[in-house]
Amino acid sequence: NAGVTQTPKFRVLKTGQSMTLLCAQDMNHEYMYWYRQDPGMGLRLIHYSVGEGTTAKGEVPDGYNVSRLKKQNFLLGLESAAPSQTSVYFCASSYSIKVGDQPQHFGDGTRLSIL
Amino acid sequence: QQQVKQSPQSLIVQKGGISIINCAYENTAFDYFPWYQQFPGKGPALLIAIRPDVSEKKEGRFTISFNKSAKQFSLHIMDSQPGDSATYFCAARKAGGFQKLVFGTGTRLLVSP
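These protein sequences, in sequence, are chains A and B. All residue numbers for the first sequence refer to the numbering used here, where the first residue is 1 and numbers rise by one. All residue numbers for the second sequence refer to the numbering used here, where the first residue is 1001 and numbers rise by one.
Calculated from the structure, these hints are not laboratory results. Any given hint could turn out to be false.
[What the hints assert, rightly or not] Derived EDC-like pairs: lysine to aspartate or glutamate, alpha-carbon spacing no greater than 16 Å straight-line:
#, chain 1, residue 1, chain 2, residue 2
1, A, K71, A, D26
2, B, K1071, B, E1026
3, A, K70, A, E30
4, B, K1042, A, D108
5, B, K1068, B, E1056
6, B, K1094, A, D101
7, A, K98, B, D1031
8, B, K1042, A, D101
9, A, K71, A, E52
10, B, K1094, A, E59
[As the list claims (entries may be wrong)] Computed spacing ranges between beta-carbons, pair by pair:
#, chain 1, residue 1, chain 2, residue 2, range
11, B, F1039, A, T7, 16 to 24 Å
12, A, Q17, B, M1078, 45 to 53 Å
13, A, K98, B, N1022, 31 to 39 Å
14, B, K1071, A, G63, 31 to 39 Å
15, A, P8, B, S1010, 43 to 51 Å
16, A, K9, B, N1067, 26 to 34 Å
17, B, S1069, A, S67, 37 to 45 Å
The beta carbon of each residue, even a glycine, is placed where N, CA and C say it ideally should be.
Given only the sequences and the hints, what does the whole structure look like? Please build it.
So, in structure tokens, the structure goes:
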């Protein structure tokens, strides 16, 4: 049981380049989330999805887009990378709120550097 | 604007000692307060969680104390071990918020042998 898998694990981009981060979960979770983690700032929610085909903005959505075409996958895109987007990106998933208090399960992160 | 304020930023405790991490919040709409543990190079993982109708919850060496009137909650790690060295995040969830969490800024704990 792999849980939440993020690819790639590391990436270096030049300013202005685009890329897509992939998140896949095998737990049949309804909800999925993308966070960024920066020193001294904790985890901040970028975008989230409460089901296949639905997405919503989180706390820091500017400069990012997401798609959830399949229930098990959640993609995070950077259209034109900026140095301020250098961060560690985490994907998480969880059961629906209808199931009650449920933990979020995190992947091991993607370390992204933008030069 | 930090909705959940966490302190201290870092903490060094001797093996066998008690580690205490504190969090405070303002929004009374929060209805669930988890703590996550993160080891280097890994994603956070749920450690323990509490609801505001309970003042204390204990799981092994880990205890959450919750003070609803003061809007504060804390994590206590009894008999701290070197293997507890990690970053700890408190978090809070708004009622009806699709399991969305607001995280504190994290506390890096080092337990010295």
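Evaluated hints:
Using a Cα cut-off of 16 Å, the hinted pair K71(A) and D26(A) holds, with the two alpha carbons roughly 10 Å apart. The hinted pair formed by K1071(B) and E1026(B) meets the criterion: a straight-line CA distance of about 7 Å does not exceed 16 Å. Annotation: proposed proximity of K70(A) to E30(A) holds, straight-line Cα distance about 11 Å (limit 16 Å). This hinted pair checks out: K1042(B) and D108(A) have alpha carbons roughly 5 Å apart, not beyond 16 Å.
For the suggested pair K1068(B) and E1056(B), the alpha carbons sit about 11 Å apart, so the restraint of at most 16 Å is met. Between the alpha carbons of K1094(B) and D101(A) the distance comes to roughly 12 Å, so the proposed pair stays at or under 16 Å and holds. Taking the CA atoms of K98(A) and D1031(B), the gap is near 15 Å; set against the 16 Å cutoff, the hint holds. For the given pair, K1042(B) sits about 23 Å from D101(A) by alpha-carbon distance, which is inconsistent with the 16 Å threshold.
Taking the CA atoms of K71(A) and E52(A), the gap is near 5 Å; set against the 16 Å cutoff, the hint holds. Distance restraint check for K1094(B) and E59(A): the Cα-Cα separation of roughly 14 Å lies within the 16 Å cut-off, and the hinted pair is therefore satisfied. About 20 Å separates the C-beta atoms of F1039(B) and T7(A), a value consistent with the hinted range of 16 to 24 Å. In this structure the supplied range 45 to 53 Å holds for Q17(A) paired with M1078(B), their Cβ-Cβ distance being about 49 Å.
Take K98(A) and N1022(B): their Cβ atoms lie about 32 Å apart, and the range 31 to 39 Å holds. In this structure the supplied range 31 to 39 Å holds for K1071(B) paired with G63(A), their Cβ-Cβ distance being about 33 Å. Checked against the given bound of 43 to 51 Å, the beta carbons of P8(A) and S1010(B), roughly 30 Å apart, lie outside it. Distance hint check: the CB atoms of K9(A) and N1067(B) are about 40 Å apart, inconsistent with the given range 26 to 34 Å.
Between S1069(B) and S67(A) the beta carbons are some 44 Å apart, a value that agrees with the proposed interval 37 to 45 Å.
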